[in-house]
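**Student:** Each chain, written out:
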Amino acid sequence: SQQGEEDPQALSIQEGENATMNCSYKTSINNLQWYRQNSGRGLVHLILIRSNEREKHSGRLRVTLDTSKKSSSLLITASRAADTASYFCATDAEETSGSRLTFGEGTQLTVNP
Amino acid sequence: GAGVSQTPSNKVTEKGKYVELRCDPISGHTALYWYRQSLGQGPEFLIYFQGTGAADDSGLPNDRFFAVRPEGSVSTLKIQRTERGDSAVYLCASGQFYGYTFGSGTRLTVV
Chain G
-19 SQQGEEDPQA LSIQEGENAT MNCSYKTSIN NLQWYRQNSG RGLVHLILIR SNEREKHSGR
41 LRVTLDTSKK SSSLLITASR AADTASYFCA TDAEETSGSR LTFGEGTQLT VNP
Chain Z
295 GAGVSQTPSN KVTEKGKYVE LRCDPISGHT ALYWYRQSLG QGPEFLIYFQ GTGAADDSGL
355 PNDRFFAVRP EGSVSTLKIQ RTERGDSAVY LCASGQFYGY TFGSGTRLTV V
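Residue numbers (the working numbering), protein chains in the order written: chain G, -19 to 93; chain Z, 295 to 405.
Worth flagging that the hints you see were computed from the coordinates, not collected in a lab. Misleading hints may appear alongside valid ones.
Anything over 12 angstroms on all C-beta distances counts as not near chain Z; from chain G, calculated [what the hints assert, rightly or not]:
1) 10
2) 17
3) 21
4) 42
5) 44
Now the in silico label distances, taken between C-beta atoms and shown as ranges [unchecked claim]:
6) Z:405 - G:7: 27 to 33 angstroms
7) Z:403 - G:49: 38 to 44 angstroms
8) Z:296 - G:32: 29 to 35 angstroms
9) G:92 - Z:334: 17 to 23 angstroms
10) Z:375 - G:-2: 15 to 21 angstroms
11) G:2 - Z:296: 32 to 38 angstroms
12) Z:306 - G:34: 46 to 52 angstroms
13) G:34 - Z:379: 18 to 24 angstroms
14) G:61 - Z:306: 28 to 34 angstroms
For glycine and all other residues, C-beta sits at the position ideal for the given N, C-alpha and C.
Generate the whole structure from the sequences, applying the supplied hints.
**Tutor:** Have a look at this one:
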């Protein structure tokens, strides 16, 4: 298995519902980031949570980090059709600090109007 | 510039040909990264520049791949003797400890 695995691989919900995506990783990290990608092109940075933080909010996004379990979750509240995209977690490992991010394979979220 | 610019947005080339992919990062960003993304996968790290030097090129798959950043701004990813397996979206990003800004990528198709 790979660093930064997302779960589920695909998620389909109705507009207005909440969407939760999970990410697991293997090594010690400096931070964990979530990105969004539309149509397989450029990724957009959503939120960064540092290893000494447990929860962070940004608008309708809530990210949690559990370093003891090496896992993170991204919650999107009150989802909209425009939230339809692929979501990736990415880790900045202590060992390679700042030199790269390791991405998971992503969760494809579909929000039905 | 305001964002990361990548050109061309699409490139179709014949097997065995040489290609160059260009990245123009956000002005003032010293860190620049190249990633490659295959269909249905997450981006995979290729190379990281800090200024003009390649600080970490351990993600380059083989010696057909090379990247330069001669003046510490624009970077060019060069692929020699392209193979069909090189087909992917090549993504460039700049920024570092506060999250990356990605370009829209170059979709490379080797036929």
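**Student:** Starting from the hint 29 to 35 angstroms, judge whether the C-beta atoms of residue 296 of chain Z and residue 32 of chain G obey it.
**Tutor:** For residue 296 of chain Z and residue 32 of chain G the Cβ distance comes to about 32 angstroms; the hint holds.
**Student:** Falls inside 32 to 38 angstroms, the C-beta gap from residue 2 of chain G to residue 296 of chain Z?
**Tutor:** Given a distance of about 34 angstroms, which is inside 32 to 38 angstroms, the answer is holds.
**Student:** Take the C-beta atom of residue 403 of chain Z and the C-beta atom of residue 49 of chain G, compute their distance, and say whether it sits inside 38 to 44 angstroms.
**Tutor:** Given about 41 angstroms between the Cβ atoms, the range holds.
**Student:** At 12 angstroms, judged by beta carbons, does residue 17 of chain G keep clear of chain Z as stated?
**Tutor:** Violated, because the least Cβ-Cβ distance between residue 17 of chain G and chain Z comes to about 9 angstroms, which does not exceed 12 angstroms.
**Student:** Once the closest CB in chain Z is found, is it more than 12 angstroms from residue 44 of chain G?
**Tutor:** holds, 18 angstroms
**Student:** According to the definition I'm using, a residue is off the interface if its beta carbon is farther than 12 angstroms from all beta carbons of the partner; does residue 10 of chain G meet that for chain Z?
**Tutor:** Nearest chain Z Cβ is 8 angstroms from residue 10 of chain G, so the label is violated.
**Student:** Is the Cβ of residue 21 of chain G farther than 12 angstroms from every Cβ of chain Z?
**Tutor:** Non-interface label fails for residue 21 of chain G: nearest chain Z Cβ at 5 angstroms, not farther than 12 angstroms.
**Student:** Using the Cβ atoms, figure out if residue 306 of chain Z sits within 46 to 52 angstroms of residue 34 of chain G.
**Tutor:** Given about 47 angstroms between the Cβ atoms, the range holds.
**Student:** Residue 92 of chain G and residue 334 of chain Z, beta-carbon distance inside 17 to 23 angstroms?
**Tutor:** For residue 92 of chain G and residue 334 of chain Z the Cβ distance comes to about 21 angstroms; the hint holds.
**Student:** Residue 61 of chain G and residue 306 of chain Z, beta-carbon distance inside 28 to 34 angstroms?
**Tutor:** holds, 33 angstroms
**Student:** Starting from the hint 18 to 24 angstroms, judge whether the C-beta atoms of residue 34 of chain G and residue 379 of chain Z obey it.
**Tutor:** violated, 42 angstroms
**Student:** Confirm or reject the statement that residue 42 of chain G sits farther than 12 angstroms, beta carbon to beta carbon, from all of chain Z.
**Tutor:** holds, 17 angstroms
In summary, the structure is inconsistent with hints 1, 2, 3, 6, 10, 13 from the numbered list given earlier, while agreeing with the others.
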